[in-house]
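Engineer: Letter by letter, the chains look like this.
There are 2 protein chains.
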Amino acid sequence: MPTDICFSFEGFSARGGKTDEHSDGWGIAFFEGKGCRIFLDAKPSIDSPLAELVRRYPIHSTHVIAHIRKATQGEVTLENCHPFRRELWGRYWVFAHNGNLPDFQVESKGIFQPVGDTDSEQAFCLMLNTLRENFPQGQPPLEELYQVLRKITAKIASIGVFNYLLSDGEHFFTHCSTKLCYIIRQAPFAAAHLIDEDMTVDFSELTTKRDRVAIIATTPLTDNEVWIPIQPGELLVFQDGLPLTFK
Amino acid sequence: MPTDICFSFEGFSARGGKTDEHSDGWGIAFFEGKGCRIFLDAKPSIDSPLAELVRRYPIHSTHVIAHIRKATQGEVTLENCHPFRRELWGRYWVFAHNGNLPDFQVESKGIFQPVGDTDSEQAFCLMLNTLRENFPQGQPPLEELYQVLRKITAKIASIGVFNYLLSDGEHFFTHCSTKLCYIIRQAPFAAAHLIDEDMTVDFSELTTKRDRVAIIATTPLTDNEVWIPIQPGELLVFQDGLPLTFK
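First to last, the sequence lines map onto chains A and B. With UniProt numbering applied, the first sequence covers 1 to 247. With UniProt numbering applied, the second sequence covers 1 to 247.
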């Protein structure tokens, strides 16, 4: 079910210069049906009028990817802000990366080419080029896609730290290289308290029995819920708020 | 020189349900260097919190494309809002269309495929596929690109009404099928008064001698300046605020 992310974003955006040092820009992508909108800003998220709008304006979405940047490679410019987006097979694909891939050089012969100069966008383009080359006719069944994605992910992850979130608006592909965790919120709902701000929301008052949401983050956003760590090297797929695994 | 578009957007956005009937969503793309951000909303621009933000928050940009939609083909959904964006040759390309292309059917064999179901996005994908097929190695010199673009534009325009704006963040390609006009504002600057709102701005107070800006619109935004009509069938290229023509 589409939901807004105002609560999570309140705590998350504080990490863009207030409770954490990730202040070299930020971005957030919302899927609404097949459509997708992305808000980007090269300013710290705590100072950004756009972030203020996102905090206050409840955009209902099925799949959201947010990122706050600490620049390791590439200037602090708009084109280097995550999440990145491309269209493949008539769907938008959105990608955000936490980590660093030193000396990552890709031959830019594929269709998808980076616009900015981050290792992250290079990796994203390589992943999409690999998917397209393996499935030129269109989007394959999920498990086939997963196997190709796992192989190219392992190859890139051998170069450096490669925690990522990738979505086509229907699935979330989440790879843990060093740190990534998740929780599933579903009935019976309870209250949750943010780590980065002193704020509590009682989800039992705001939800229905049909609601279910998975939240995936590099480090937990709340301090009174049990977050499940994803294992290093693990590539999970979330669909309809639940993780799937393939061998 | 990068400039904000608050004045023009004030009048333009009134056409999304107040002074005109284009109330089936709106969008605006800002290029900042090679980066690009797009704000989209399936709501009328006069009711949209996002439009309110764009009206108030002076984003400085070299190339801006704004669109308000009156749906002719495709549902009123986010994926059908203009402007559309794709990456080609490592640059973002942004496109907005005014018009209607009845019975426009493209074989979807190219790399770029529409996400939504508008004739406009189909036409955009066909244009980019044609450019890529003609220049697979990368972006060609401007005049070569222009000739290919003109040919595919004429082909599409033979089907229906095809007024458009296309930008790679360095050039504006503007095609007039039925209506499109422009003005160049440069020193000596004067006051301009909007048609859609009773608002005047004296640009001589806000500009320097080095500033120059081209504004292109389907119908004039101001009533005390001389707007130059683009001729039906004409494809102009604007660079650094001036129109170029090729034979």
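A few of these clues could be false.
Identical chains share a label here; the pair holds if one copy fits it or two copies do between them.
Listed below are the simulated SDA-like cross-link pairs for lysine to any residue, each with C-alpha atoms no more than 20 Å apart in a straight line [unchecked claim]: (1) Lys18 / Gly110; (2) Lys18 / Leu126; (3) Lys151 / Phe9; (4) Lys34 / Thr77; (5) Lys70 / Glu205; (6) Lys179 / Gly74; (7) Lys109 / Trp89.
To be clear, the hints were calculated from the coordinates, so they are not data collected in a lab.
Engineer: Each of the hints needs a verdict: does it hold here or not?
Structural biologist: To see whether the hints hold, each was checked on the structure:
1. Lys18 / Gly110: neither (39 Å within a copy, 46 Å between copies)
2. Lys18 / Leu126: The answer is neither: 34 Å in one copy and 46 Å across copies each exceed 20 Å.
3. Lys151 / Phe9: neither (32 Å within a copy, 47 Å between copies)
4. Lys34 / Thr77: between (28 Å within a copy, 9 Å between copies)
5. Lys70 / Glu205: neither (36 Å within a copy, 39 Å between copies)
6. Lys179 / Gly74: neither (22 Å within a copy, 42 Å between copies)
7. Lys109 / Trp89: both (19 Å within a copy, 10 Å between copies)
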